[in-house]
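Sequential numbering of the sequence shown, starting at 259, is according to our numbering.
Some clues are possibly wrong.
Stated by the list, open to error - When the alpha-carbon atoms are kept at most 27 Å apart in a straight line, the in silico DSS-like pairs for lysine-lysine are as follows:
(1) 294 to 327
(2) 272 to 342
(3) 292 to 342
(4) 342 to 277
(5) 264 to 294
(6) 297 to 272
(7) 277 to 264
(8) 375 to 272
(9) 262 to 292
(10) 277 to 308
(11) 292 to 392
(12) 392 to 294
(13) 264 to 342
(14) 327 to 264
(15) 308 to 342
Claimed, not checked - The calculated label-pair distances, taken between Cβ atoms and stated as ranges, are:
(16) 405 to 327: 42 to 52 Å
(17) 416 to 266: 46 to 56 Å
(18) 275 to 372: 22 to 32 Å
(19) 425 to 383: 16 to 26 Å
(20) 366 to 298: 32 to 42 Å
(21) 271 to 372: 55 to 65 Å
(22) 433 to 298: 18 to 28 Å
(23) 266 to 388: 27 to 37 Å
(24) 418 to 339: 31 to 41 Å
(25) 421 to 271: 39 to 49 Å
(26) 266 to 438: 47 to 57 Å
(27) 406 to 275: 30 to 40 Å
(28) 304 to 372: 37 to 47 Å
(29) 339 to 430: 37 to 47 Å
Bear in mind the hints are in silico, worked out from the structure with no lab data behind them.
C-beta atoms are modelled at their ideal positions from N, C-alpha and C, and glycine is treated no differently.
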Amino acid sequence: MAVKLKALNREDHKKSTTKAIRENGQVPAVVYGKAKEAKSIAVDSLALIKTVRDEGRNTIISLDVENDKPVDVMLHDYQIDPIKDELLHADFYVVNMAEEMDVEVPLRLEGEANGTKEGGVLQQPFYELQVRAKPGNIPEEISIDVSNLGIGDSIAIADLPQRNEYQFLDDPETTIATIVPPDTLKDVEEAPDENDEPELVDRKGDAE
Numbered sequence: 259m260a261v262k263l264k265a266l267n268r269e270d271h272k273k274s275t276t277k278a279i280r281e282n283g284q285v286p287a288v289v290y291g292k293a294k295e296a297k298s299i300a301v302d303s304l305a306l307i308k309t310v311r312d313e314g315r316n317t318i319i320s321l322d323v324e325n326d327k328p329v330d331v332m333l334h335d336y337q338i339d340p341i342k343d344e345l346l347h348a349d350f351y352v353v354n355m356a357e358e359m360d361v362e363v364p365l366r367l368e369g370e371a372n373g374t375k376e377g378g379v380l381q382q383p384f385y386e387l388q389v390r391a392k393p394g395n396i397p398e399e400i401s402i403d404v405s406n407l408g409i410g411d412s413i414a415i416a417d418l419p420q421r422n423e424y425q426f427l428d429d430p431e432t433t434i435a436t437i438v439p440p441d442t443l444k445d446v447e448e449a450p451d452e453n454d455e456p457e458l459v460d461r462k463g464d465a466e
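Work out the full structure: start from the sequences and follow the hints.
In structure tokens, the structure reads:
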């Protein structure tokens, strides 16, 4: 079920008006789609942040724009002030619930791998996977249990359970989790000390 979010029409694009919108706790935004003309709107900043935090980036939002019919949208993009850490702008894309779309879904590793208990190091090369699905079938995240991984073991996309609701688009051989062996004590001892002075070769011969 889509999460509801109210929006106001935004016709004045002056900087002073945009600033006032942000000061009132709202964020300027635009909503657009294949069969919909782009429209400038404003939504409650905290409500949008809470929706994404609680439901995930790919959640379906029923956007209720004043004087218009609600439309199903997804958050396509957003901008954040790096200094104030405030939401500056958001883009919403109107989705067709009957058509598949390509999205990035968070990847989460679960459990404590046996290999890490033996001193190995768990590496996760990717934190998102490319998925194709209808909007209503997009998973909130992809979870993988790594408890049985030993040192030298790995998991590739091909090892993931196949679902009828969605398909993975990345190369099936792509490694998404692996346990690498730790550096041995011998390797550490043999590594040159950066503070050691370089060895001089035959000072007498050099002098001659």
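Checked hints:
no. : hint                   : result
1   : 294 to 327             : holds (12 Å)
2   : 272 to 342             : holds (22 Å)
3   : 292 to 342             : violated (34 Å)
4   : 342 to 277             : holds (14 Å)
5   : 264 to 294             : holds (18 Å)
6   : 297 to 272             : holds (16 Å)
7   : 277 to 264             : holds (20 Å)
8   : 375 to 272             : violated (59 Å)
9   : 262 to 292             : holds (21 Å)
10  : 277 to 308             : holds (22 Å)
11  : 292 to 392             : holds (16 Å)
12  : 392 to 294             : holds (19 Å)
13  : 264 to 342             : holds (25 Å)
14  : 327 to 264             : holds (11 Å)
15  : 308 to 342             : holds (18 Å)
16  : 405 to 327: 42 to 52 Å : holds (48 Å)
17  : 416 to 266: 46 to 56 Å : holds (47 Å)
18  : 275 to 372: 22 to 32 Å : violated (59 Å)
19  : 425 to 383: 16 to 26 Å : holds (20 Å)
20  : 366 to 298: 32 to 42 Å : holds (36 Å)
21  : 271 to 372: 55 to 65 Å : holds (58 Å)
22  : 433 to 298: 18 to 28 Å : violated (44 Å)
23  : 266 to 388: 27 to 37 Å : holds (34 Å)
24  : 418 to 339: 31 to 41 Å : holds (37 Å)
25  : 421 to 271: 39 to 49 Å : holds (43 Å)
26  : 266 to 438: 47 to 57 Å : holds (52 Å)
27  : 406 to 275: 30 to 40 Å : violated (57 Å)
28  : 304 to 372: 37 to 47 Å : holds (43 Å)
29  : 339 to 430: 37 to 47 Å : holds (40 Å)
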